[in-house]
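A.B. asks: Could you slot chain B with the ligands onto chain A? The hints should help.
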Amino acid sequence: MERELICICCPRGCHLKVDENLNVTGNFCPRGAAYGKQEVSNPTRVVTSSVRISHAELAMCPVKTKDPIPKGKIFDVMQSIINTHIEAPVHIGDVVIADVCGTGVDVVATRNMEKI
Amino acid sequence: MKTKDLVIIGGGSAGMAAAVAAYDKGIRDILILERNEFLGGILNQCIHNGFGLTLFKEELTGPEFASRLIEQIKERKIEYKLHTYVTNISHDKVVTYSNAKEGVVELQAKAIVMAAGCYERNAGAIGIPGDRPAGILTAGQAQLFLNEYGYLVGKRVFILGSGDIGLIMARRLTLEGAKVLGVAEICAWSNGLNRNMVQCLYDYNIPLYLSHTVSKIVGKSRLEKVIISKVDERMQPIPGTEMEFDCDTLVLSIGLVPNNDLLNNAGAAKGRSRGALVNENFETTIDGIFSCGNVLHVHDLVDNVAMEATVAGRSAADYILGNLKRGDKKIAVQAGDGIGYVVPGEIDLSSASEALEFKFRVRKPSKNVYIVYKFNGEVVKKVFKPVIIPSEMEIQKMPKSLLKNDQGTIEVSLVQKEE
Ligand SMILES: Cc1cc2nc3c(=O)[nH]c(=O)nc-3n(C[C@H](O)[C@H](O)[C@H](O)COP(=O)(O)OP(=O)(O)OC[C@H]3O[C@@H](n4cnc5c(N)ncnc54)[C@H](O)[C@@H]3O)c2cc1C
Ligand code: SF4
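Chains A and B, in that order, are what the protein sequence lines are. Residue 35 in numbering that gives the first Met the number 0 is what sits at position 36 of the first sequence, and the numbering runs on without skipping anything. Residue 248 in numbering that gives the first Met the number 0 is what sits at position 249 of the second sequence, and the numbering runs on without skipping anything.
What the hints contain is simulated information worked out from the structure, not anything from laboratory work. Do not take every clue at face value.
Simulated restraints on C-beta separations [claimed, not checked]:
1) B:401 <-> A:65: 41 to 51 Å
2) B:209 <-> A:93: 36 to 46 Å
3) A:74 <-> B:394: 36 to 46 Å
4) A:74 <-> B:144: 15 to 25 Å
5) A:20 <-> B:239: 45 to 55 Å
6) B:144 <-> A:3: 28 to 38 Å
7) A:65 <-> B:87: 44 to 54 Å
8) B:362 <-> A:94: 44 to 54 Å
9) B:99 <-> A:14: 52 to 62 Å
10) A:86 <-> B:383: 48 to 58 Å
11) A:74 <-> B:87: 44 to 54 Å
12) B:322 <-> A:14: 49 to 59 Å
13) A:53 <-> B:238: 51 to 61 Å
14) B:394 <-> A:1: 46 to 56 Å
Capping the alpha-carbon separation at 30 Å, the derived lysine-lysine pairs in DSSO-like fashion look like this [unchecked claim]:
15) A:36 <-> A:16
16) B:73 <-> A:65
17) B:24 <-> B:324
18) B:384 <-> A:36
19) B:380 <-> B:403
20) B:80 <-> A:16
21) A:70 <-> B:56
Now the stretches of chain B that chain A is said to cover, found in silico as 3 or more residues with beta-carbon under 8 Å [claimed, not checked]:
22) 145 to 151
23) 188 to 200
Idealized CB from N, CA, C, for every residue including glycine.
Isolated chain A, as found in the complex (with noise of 0.2 Å):
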């Protein structure tokens, strides 16, 4: 089956065509065939949100997934995210779901709270 995307990797945004081979057209230069191929055959996201933390100067911590993950697996991943709850102190890079989902991607703060 074709598939039509749109093109984000600069501000033209060709309107692109990928057939079930994988070939590209409507691309004005190769960045988009990269995407296209990429967007149907695996596409993924880096998922960002906030966790509930206690001990904290505010009620939340941002997070994201440390690489991009499947797409198909957001939403399971953001259960898993609504779900957690963390203590200060929290650093940057601090592993607060490991392994999200089986998805081999660690979720990590994006943000310093210190523990009040």
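C.D. replies: Below, chain B with the ligands alone, put in the same frame as chain A:
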């Protein structure tokens, strides 16, 4: 009266980058005044990624970017006061601030860097007809509540305006379990980046209604529904095109405005960006007062904010050290056809560096155009752009040798390429 060499108003990315740059040029008597309880400004609530690609060559989230700057402030032991609100700046650089500990304080500064950021246009700014129930708020407010305090602002949400913050909140709210029913945009094009259109709306099948606006708000105490209509060329709702959405929350993402009141009141001339008029050193029309970041013009990339603030901070240091050369001849910079504004608004060739930098936004998305620079009526530079859009600030450089006279006017305009 107490004195300080350099007072910086606002501890966001612009204020911190300016402080670091001034320190590194030898200024030690620096004070940053910040009204919030943290340094970092708006970055603290922008928990999504996409920051820092130019400056740190890494894709960072907002808080991560902020923490890099905060570390630079702490390493240098630059003084800052939090929970401290600046209420006035005078023409002769007296800064008035207040906080719970000191009360109201007046401070004589040798130089000032204004870095107070921007604010969001709210419901009052656009006058939608209908009721005024609870449940209407700006995208930035929704972002702050959710990301820092953990409150989901509603369960069924409609978004007005396709600016990037609105798009990012559409995704955030969806991931947190709210139903985002759609986004209405009054322009015929989206005002967000492609990347945000794709990853925030298309990924979650959220419909975008272009050339549409909210024409009526309905609800007694809490919002119950919004009615949207298609608009004509004059942006007026067309009767008979109404669509109803049952929702408890309307999120507004209808534009950011420089928070420039303090400089206005001090008597600094205004520019077309709604910030102050500055020269190529980011000095306003008041000697020794500089402006940078979103208080000068609204940026889409924090990297550009930090780079601009670095120049402003260095210039402030030069001013304090008596090294800022200022001629009495000026070149005015004007936004011509198709261009919203240009920063800087004037250029002093005697103090300008070899490469002049122009930052501007076009008024609408355009293809196959030239950006044309005319100096005193003559074309001195032409840049071809296959695509140019209002949501991405354009930055172009020009060697100052192209300007053969130290007085006159440069006009930047957009000209369609003939087929
Ligand atoms: C919601 C949002 C999303 C964004 N997303 C991205 C993105 O994805 N990628 C990217 O690169 N850029 C993004 N940006 C752009 C970039 O992050 C900002 O433009 C930049 O951080 C602005 O920095 P600033 O220092 O000019 O303003 P701010 O960060 O707003 O800092 C201004 C500071 O001044 C303080 N202040 C104001 N008035 C006073 C006063 N009277 N007294 C004392 N203090 C005062 C404020 O409290 C604030 O801390 C986004 C911007 C916004 C608004
Ligand atoms: S294909 Fe190339 S030109 Fe087209 S949007 Fe992608 S990066 Fe830009």
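A.B. asks: Hint by hint, note whether the structure agrees.
C.D. replies: Evaluation of the provided hints:
no.	hint	verdict
1	B:401 <-> A:65: 41 to 51 Å	47 Å, holds
2	B:209 <-> A:93: 36 to 46 Å	43 Å, holds
3	A:74 <-> B:394: 36 to 46 Å	38 Å, holds
4	A:74 <-> B:144: 15 to 25 Å	22 Å, holds
5	A:20 <-> B:239: 45 to 55 Å	47 Å, holds
6	B:144 <-> A:3: 28 to 38 Å	36 Å, holds
7	A:65 <-> B:87: 44 to 54 Å	46 Å, holds
8	B:362 <-> A:94: 44 to 54 Å	47 Å, holds
9	B:99 <-> A:14: 52 to 62 Å	56 Å, holds
10	A:86 <-> B:383: 48 to 58 Å	57 Å, holds
11	A:74 <-> B:87: 44 to 54 Å	50 Å, holds
12	B:322 <-> A:14: 49 to 59 Å	53 Å, holds
13	A:53 <-> B:238: 51 to 61 Å	54 Å, holds
14	B:394 <-> A:1: 46 to 56 Å	38 Å, violated
15	A:36 <-> A:16	10 Å, holds
16	B:73 <-> A:65	26 Å, holds
17	B:24 <-> B:324	16 Å, holds
18	B:384 <-> A:36	27 Å, holds
19	B:380 <-> B:403	13 Å, holds
20	B:80 <-> A:16	54 Å, violated
21	A:70 <-> B:56	24 Å, holds
22	145 to 151	holds (count 5)
23	188 to 200	holds (count 6)
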